[in-house]
Amino acid sequence: MNELCKRHLFKLGPLFFFLIFLLGNLHAEDSLTLQVESKLFEVSREIPGLSFVLEVEEKENDLSIFSLTKSAQKGFWISDTLLDFRSATHLRDTVFSSSGIKGEISFLIFGKKSEKEAIHEFLDNLSRNELLMADVSSKSNGFEEGELHSLASKVNFSPFYGLKTKILVDTKMVLLVSTFILFLVASVILVTIMYVVKKRKKKRDSLTMKFKELSFEPISNLLFEHSLQELQSFDRTKFESFFPVDHLKDNLFKDVMILEIISLNKNMKGEFKTKLKTIYRKLGLDAHSIQKLSSKKWDVITSGIVEINEMDVVEAVEKVKKFAKSENFYVRSNAVATLLNISNDPELKVLVDQDFPLSRWQQMVYFRIIKFINNSQEKVKVDLLFESKNESVRVFGYKLVRYLGLFEMLEILVNKYKNASIPEKLEMIKCFDAFSYQDSLNLLHRDLATADKGLFLGIVAVLKNIGNPISEVIMLEKLKSDLDFESKKAVMQALHILNPDLLEEWSCNAKDIEVQQIFNHLIDPVLSHV
Amino acid sequence: MYNLLLDILVEIFGILFLVYSFSVISFYLIMTVLSALEMRDHLKKNKFADYRDVITSPVTPGISVIAPAYNEGQNIVQNAKSLLTLHYGKFEVIIVNDGSKDDTLEKMVESFSLVKTDYAYYKHVETGKIRGVYKSTNPSFAKLTLVDKENGGKADALNAGINLAANEILACIDVDCILSSDSLTRMVRPFMEETNRKVIAVGGVIGVANNCQVKDGTVTEYRVPDTLLGRFQVIEYFRAFLMGRMAWTRINGLMLISGAFGFFNKELVLKVGGYFPKTVGEDMELVVRMRRYMEETGQKYKVGFVPDPLCWTEVPESENILSKQRNRWMRGTIETLQLHQKVKLNPKYGVLGMVSYPYWSVFEKGGPVIEMTGFLYTLLMIFTGDISALYFVGLFCLMYVFSVMISAFSILFEGVAYNNYKDRSDLNKLMKTVLLEPFLIHPKIVLWGLKGHWHFIKGKGGWGEMIRTGFKKAEDKKKIDIPIQL
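Protein sequences, first through last, are from chains H and S.
All residue numbers in the first sequence are consecutive under the working numbering, ending with 530.
All residue numbers in the second sequence are consecutive under the working numbering, ending with 1016.
In case anyone wonders, no lab produced these hints; they're calculated from the structure.
All values reported here derive from a predicted model rather than from experimental measurement.
The beta-carbon is built from N, C-alpha and C at its ideal position, and this holds for glycine as well.
There could be a bad hint or two in this list.
Stated by the list, open to error - Derived contacts from chain S toward chain H, CB cut-off under 8 Å, selection only:
1. Ile585
2. Ser587
3. Thr590
4. Met722
5. Gln743
Said to hold, decoys possible - Output of the computed footprint for chain H on chain S, the stretches with three or more beta carbons under 8 Å from beta carbons of chain H:
6. 555-565
7. 569-577
8. 874-888
What the hints assert, rightly or not - With a Cα cut of at most 30 Å, we get these calculated DSS-like pairs of lysine-lysine:
9. H/Lys453 - H/Lys379
10. H/Lys511 - S/Lys653
11. S/Lys611 - S/Lys673
12. S/Lys952 - H/Lys212
13. H/Lys198 - H/Lys172
14. H/Lys198 - S/Lys745
15. H/Lys296 - H/Lys321
16. H/Lys322 - S/Lys830
17. H/Lys464 - S/Lys990
18. H/Lys212 - S/Lys577
19. S/Lys745 - H/Lys266
20. S/Lys990 - S/Lys874
21. S/Lys673 - H/Lys399
22. S/Lys653 - S/Lys830
23. S/Lys611 - H/Lys322
24. H/Lys321 - H/Lys297
25. S/Lys832 - H/Lys322
26. H/Lys199 - S/Lys575
27. S/Lys801 - H/Lys478
28. H/Lys480 - S/Lys653
29. S/Lys959 - H/Lys202
30. S/Lys801 - H/Lys480
31. H/Lys416 - H/Lys389
32. S/Lys796 - H/Lys399
33. S/Lys952 - H/Lys210
34. H/Lys349 - S/Lys577
35. H/Lys371 - H/Lys273
36. S/Lys952 - H/Lys321
37. S/Lys574 - H/Lys266
38. S/Lys575 - H/Lys325
I would like the entire structure built from these sequences, with the hints used as guidance.
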């Protein structure tokens, strides 16, 4: 190629590309028209809001025979709005074949005239939102039905949506599957745990039964066939020879033996108790109980403390002491009970130092122990409890005065009464009542003016039993004031005991219905026994 | 346009049902874990409790046992004797004859040498007219008090008993319940143990006595009932008491203590005004009101629960009676939740407001409505052909397996904790019931619950009207359901 030719080619190059671009554009426009029209042939009726109008430009001839009407625009004829594209094209073709005039089909979207591009976009939008299904018929793909069948028989079937795809694209299904998995995993874990626990419990129960049988006979033999001196002279090996050697190192066997010994210990007295403790110690079970105190499980620690308590393992006192202020209620309660029982502490120091409030349950347990110590060993110094910083301990101390019959403490109570809190006063006055302590009367009379209803009722209950004529006068005055029903009843009950004539005289003159009701109650012979 | 809207609605409903199912499963799984932990702790604690002292110790609190009776003439004397022989030191028994139409009063008077007295008491709580207070001339029955009053319903009768109660703990029970002789000693323990919080109420387990052998007031041999409905209730009671209430106790969220066997702090009951007589769910309502009081006054408190088998009752084995019971329970629940709406999702009420109340609203009250809507939704989807078979089958299997699993777990749970049903054939029967329950019984329970909703909307037994229910047994026997205008 010569230089001139090359130069011409470079000049014509842009022109060439421009032509190609134009051609492409023309082709695109053409193909757009074709695409839109071919699509509209199929689906125009299914598209809501899409309609067509045929417009024909004709100034001379009358086209009304084709159901066309003259437009306001001069020289134009238009058809009615047509919903079907096929009808529109059919009308256009009819007009053309009859009159040789080719009309134009206009597209209307929701009644508004639109360009072909807009129609194309509209159709695309509908397809994207799956409101208009793409036509996948064999015709559009150029296949005949028979051909499709023959093709299908040659190609392996694979569904368009695989199960995996379907599950993953469906939000609900994803949620369902995850719920199912969560449930299955959780329930399998739970049931497995429960099953294992049940199996273990069953195994433990059967072993416990077996060990009970194995240990009961040797313990009974040792207890009833040997004297205390003999038992004390036996060494550990001798003791172990009575028991099945294979199980002696088994912790469960030791636990069962301890429980058996404790159970017998509770039901026996005197020398038998000492014998049981000897067996317990000689078999080294005390070490097993002490060992439990090192556990991290509160129930194991508590069972260790209980065993130490029952078998009086005095040497473990120091170890138990550290649990006396435990956060755990059961550990703390049993540790305090054990210390009260075995630490030889008549000053009840462990109680005085308690930071936690004492519950009634604890008071019940401690009272049993303190009563036992007080009656069988050494007199406990309950008065030290009155000095505790813990109010519930002080209240418990006052209760002990009453329960243990510590009459000599009443003087201390009288001295403390003035500065005591209401709960303390309530316990103190019960003590005065229990011992009919007349010296407390002045305090009680003074406190009848209290605003605390509980204290007032408590004092009246005491005055009912130990009151004097001054009490009668004060209570009668109180009765004349505005008392609630409960207080009125309590005062009248007290007066009824102290001076029935005085009450009768006053009641007969009183116009208060409640007073009459209460008086009738008090004189009812059946209720007087209740 | 409308199709699009329908599609969106269908989609939203589908997701909502799925979220609901997911929540149900999650809640139940959490409850299962919590109840297991609580039961484990309870059994451990029980090992260290010596109940012998409770009976004789001067420290233990006194208990007033209140038992309302309506048309109980047939068994009242035996029941009262059984209550009087409970093993406890300081207690009294108050039987309230709630205007019985039979010979309940006469039998009591005759058997216990009762005479009408001039008993003076203060009406802390307003009640129906009291016709008389009876005490025995025989000192052996000094603990017994009989209150004769005009009929006013269970709550009103309990209130009458509360007015007369002299002790600090109230034990409100159904007179026809069988109580274990050590029931008081065991139920009083939570009240006695707590140190930092006030125990306001303690609930107990109700066992199913149908078919069981009873000796000296205690069930000695456990057998499952012969009917499917009876066995279903055995499982239901396991689920409700051993799992549900134990779990709520773990988080101190218990909102319901059974009216047949509940213990309350008297001082607090009086402070909140006793039982509310205009609801059929008086037991639940009282607990919620007491809890509200404690929350509003900023006091630390606890509602306890004792899962030991101490109380048994005969459950209805006829569909007619059971449907009335469930209808009543549903109305009681709705009424209580309506009354205490203030609590709903209110952080001020802690667990009560943020967990218990929403749970009861959605799963207990709303359960039947949501289930029925779900059922209708599924039917609609099948009808329109718009249902994914995979989705439907998946969800169905999930819920079925789940319900079977939870029920089976509750049986296993009972086995581990108490193992009362020792007979293998009984366990097989229970398992069979577990498999059938979702198909044969659960739909009926849903329908009865919906009926409860409907009756509430209509005002039957609701705010405007009150049903003089009498008491379960008596009512169920007589099958009466007479609404009266207040």
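Are there hints from earlier that the structure breaks, and if so, what are their numbers? Result: hints 1, 5, 8, 9, 13, 17, 23 and 36 break, sorted rising.
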